[in-house]
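Undergrad: Now for the letters of each chain:
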Amino acid sequence: MKEKTFNEKEAVAVIQQMVNAGRYNIKQDAVHLLVWGWLILAACLVHYLSYLAQFPEGLYVWTVVIVLGMAASMYTGWKQGQQAKSQSYIDRINRYLWLGSLVPFAIAIGIGLTYDWIFAYPVFAAIFGWGNFISGGLLKYKPLVWGGVAAWIFAGLMLFFTGPEILLLMAAAIFLSYLVPGHMMMKQP
Amino acid sequence: MKELDPLLHNQLRLSIMALLAQNESVTFSYIVDKTDASRGNVSVQLTNLEEAGYIEVQKKFVGKKPQTSASITSTGMQAMQEYTEALKSYLDL
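Order-wise, the sequence lines are chains A and B.
Under the working numbering, residues 1 to 189 are what the first sequence spells out, in order.
Under the working numbering, residues 1001 to 1093 are what the second sequence spells out, in order.
Check before you lean on any hint, since a few could be wrong.
[Said to hold, decoys possible] With a straight-line Cα cutoff of 30 Å, these simulated DSBU-like cross-link-like pairs (lysine-lysine) come out:
(1) B:Lys1002 x A:Lys9
(2) B:Lys1088 x A:Lys9
(3) A:Lys140 x B:Lys1088
(4) B:Lys1060 x A:Lys27
(5) A:Lys140 x A:Lys187
Treat the hints as calculated values from the structure; they're not laboratory data.
This is chain A alone, in the form it adopts within the complex (with noise of 0.2 Å):
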């Protein structure tokens, strides 16, 4: 691009360009919804089928789900961050976000800890939809904000059980919530 004066017309074209040329990359949040969003549903199928053939110790994928869930984040966000050439103001909220779902997250398994697992994954479910419902109103993305409010409308149905059953809901939370939006942004030009 020379340097040269231009009118407005040219003005106004130089700023849509550079509007299109910066837009978000919103294939970056779909690695993670991906990550997450098999590892969560492979546990939740493991943890019931462990249920049905009465082997109590199934209960350890989710300690397994986490380490390796938080490991693939962390490094993928590490990764990102060593090739990003631009810092969106999206970035960094979205950032904040989930770093400060990790609290609420934390007391969920703090209450499946102390009293039963029965009661945290509603919260589980309820904390996801919340941080989808706002991510996709940050991108824009509708399917994602739909996603979230699919999260709540099954830790809603939650309360009604008691069983592993709650396991399949959360495991059609999670397909809703964090595969279809993610599998769909992944497919984005």
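Given chain A's structure and the hints, the job is docking chain B onto it.
TA: For chain B alone, coordinates are given in the frame of chain A:
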């Protein structure tokens, strides 16, 4: 009719400011890449914008590589708002 800020009424400087207005910070190579301008020209215009107080330039190391990045200041954001308002009045928007 409002006067257009002569510092912003330049293709490359306006491009840089438009990129910075929508990001918290951008690297020097990102600006070069998106504007398709030469590194020397971008460097000169960044200095002009920095001297006017419209942007801040930061230098840091990422791993072992030096990285220059820039961010818009509140003065720069205000200047962009006034510039776009002036543009609207010129174009009867």
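Undergrad: Check each numbered hint against the structure and report the violated ones by number, ascending.
TA: none
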